[in-house]
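S.K.: Chains as they are written, first to last, in full-length UniProt numbering: chain A, 1 to 349; chain B, 1 to 349.
Simulated from the structure, these hints should not be mistaken for laboratory data. A hint or two may mislead.
[Stated by the list, open to error] Sample of chain A residues at the chain B side, in silico, Cβ under 7 angstroms:
#1 62
#2 65
#3 86
#4 88
#5 107
#6 108
#7 112
#8 113
#9 116
#10 120
The C-beta atom is built at its ideal place from N, Cα and C for all residues, glycine as well.
2 protein chains.
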Amino acid sequence: MAALSLAEAVPTEKMPGWQQALSEMFGTAKLPPLLDMLKRVIEANQATRKPKIAKGTRDFMPDQMTIREQAFAKIVSVFKRHGAVAIDTPVFELRETLMGKYGEDSKLIYDLADQGGENLSLRYDLTVPFARYTALHGMGNIKRYHIARVYRRDQPQMNRGRFREFFQCDFDIAGAYAAMVPDAEVLKVLVEILSDLALGDFEIKLNHRGLLDTMMDIAGVPTSKFRPICSAIDKLDKEPWEEVRREMVEDKGLPGPVADRIGEYVVLKGEPWEMLKKLTDDSCALSSHPISSATLADMKTLFEYLDSMGALGAISFDLSLARGLDYYTGVIYEAVLKGGGVGSIAAGG
Amino acid sequence: MAALSLAEAVPTEKMPGWQQALSEMFGTAKLPPLLDMLKRVIEANQATRKPKIAKGTRDFMPDQMTIREQAFAKIVSVFKRHGAVAIDTPVFELRETLMGKYGEDSKLIYDLADQGGENLSLRYDLTVPFARYTALHGMGNIKRYHIARVYRRDQPQMNRGRFREFFQCDFDIAGAYAAMVPDAEVLKVLVEILSDLALGDFEIKLNHRGLLDTMMDIAGVPTSKFRPICSAIDKLDKEPWEEVRREMVEDKGLPGPVADRIGEYVVLKGEPWEMLKKLTDDSCALSSHPISSATLADMKTLFEYLDSMGALGAISFDLSLARGLDYYTGVIYEAVLKGGGVGSIAAGG
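With the hints as constraints, model all of the structure from the sequences given.
M.R.: Now the structure itself:
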């Protein structure tokens with residue numbers, strides 16, 4: 001475009017052929033505004049034709065691919081060290097396989113157009129496809145990892161690193177094992193990966209669905225409201241208690257005193273053994289409730305395993321931690337970088 | 001289910017609780033037919049609930065993943081040895097990016113459901129996304145590889161290894177280079193990969209779009225029919241000449257004598273230097289036609305490069321080779337295993 005904006009100063013005989021031809025047709029006086037107009041038309045066309053990438057997705061350039069491959073290699077190395085095998089599943093599943101598995105989030109599932117065949121949807125995570133995989137192939141005990149892209153038809157905040165297409169690196173232990181053994185190994189794997197990736201100081205917030213349920217039961221939440229209230233608690237890492245309380249009372253119809261009793265529990269967090277001591281003390285209602293007393297015994301077993309594996313130092317026992325999806329029934333956890341700002345960097349249950 | 005079919009022989013007191021309860025309600029005489037009915041109902045339910053995988057897709061089990069990873073590692077190693085860098089692009093593109101790029105095959109593109117946002121389609125290959133990538137990021141010369149899945153809404157013959165979701169391993173050289181240098185390197189890369197993978201004896205059929213066009217011009221095909229006739233020639237590896245001739249004459253309206261003149265060319269194939277000698281001889285109409293004479297000079301250059309790289313032995317110069325997609329303009333090729341049966345195992349242009 002530089003040649004065009006310089007045209008006024010260029011002697012006619014030095015102009016490119018087409019400019020010279022134009023100049024002869026219109027005289028040099030008229031040439032600059034004509035060129036200006038041409039410039040605008042051409043630039044507008046280029047803007048129109050500029051190829052676009054789909055919203056919420058990204059290209060990986062060679063240098064980004066190098067980083068990605070190095071990170072995945074470290075993660076895979078930890079997975080393999082713990083005896084996991086790789087599997088892979090298709091990017092889409094029958095719509096019925098995904099339906100009803102994600103609660104409120106089901107609206108974020110990408111459907112394929114009905115093209116006279118099956119009804120298909122892009123996978124939302126790797127967990128439900130893995131459940132379909134084990135049901136289809138009839139596996140017994142399996143420890144597997146799966147690194148692949150998942151899809152969420154969200155309004156992503158790309159400046160915060162959130163996309164509509166992104167990778168999940170999943171590690172699962174399926175089958176029958178002694179209590180808390182798989183949970184301990186999964187947490188150990190997470191600690192090893194976060195150490196190897198050297199992203200900075202991290203902390204793993206840990207809780208148990210059984211404690212959340214008991215807490216709500218003791219506070220007086222009706223069973224039918226456990227899930228909506230749980231999903232309100234889940235927002236505590238992004239919103240202050242006052243806003244979460246408002247949602248419980250105004251949006252979800254919980255009496256104020258019930259919400260306040262929840263508020264007394266969700267402030268409890270800290271070093272695992274100290275927390276366990278506090279919660280199993282006779283003065284704590286959780287210690288005698290039938291669900292939570294069994295759960296607290298499980299937590300003790302889990303902490304003993306983690307301690308012997310040198311993985312307990314990274315754990316914070318945090319009663320405010322909840323997870324949105326319905327399929328979590330036992331231990332739940334979320335890893336965050338200390339210093340914050342980036343949200344959770346790994347999670348599971 | 002074993003417990004059910006054995007019920008007749010089991011003393012009532014040894015039966016599981018629910019069978020015992022049934023037995024008391026109906027008496028043991030009525031129990032076996034009742035259990036039989038229950039068995040049928042349960043099995044029918046299980047058949048309904050058996051989770052399904054989407055048609056034309058597959059799960060990769062751990063042992064298949066091992067083979068896949070080994071094969072990809074060998075392929076990537078050859079790509080890197082030739083100085084290629086990795087890139088990756090999203091699984092879907094704006095529909096307009098893919099539209100009009102694949103001729104008749106556009107009907108095989110998977111569209112995503114219109115969900116109030118952009119119109120999106122799953123990628124059909126890695127070539128058009130790469131063109132979009134280079135246009136968007138404004139690269140100069142780049143040698144890149146891209147290993148990823150592509151999607152075709154086909155009726156796939158899965159017993160012949162054809163799927164709706166499958167991997168492509170692409171290697172591309174984009175930018176400005178001396179004539180035939182990138183073509184020679186791409187073919188050398190292909191020879192190295194097929195040797196390293198040790199799939200068995202292979203052969204690379206080679207042709208040039210310029211020769212196909214000249215051949216049709218000399219035979220008397222009108223320019224407007226070049227593409228339909230080309231796509232008929234493309235079927236010669238699966239159908240006999242008689243069927244291809246019938247398609248040209250009956251379906252595509254070519255006069256019989258014109259089809260017969262094409263028939264005289266498409267039987268020509270063989271060792272590159274011998275074929276080149278034959279086609280550049282004054283007695284061959286291709287030698288003096290303006291398009292093909294330049295093309296034959298290019299082929300000579302290409303063969304010299306391949307010869308010096310020790311890659312010419314695998315090449316068969318084959319005038320019957322055509323490629324379906326519109327975006328091929330120069331050299332085209334297709335690799336097949338000798339002994340046949342599996343169709344082409346790699347192709348490009």
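S.K.: Just pull the numbers of the violated hints for me, sorted ascending.
M.R.: The structure conflicts with hints 5, 6 and 9, although it agrees with all the remaining ones.
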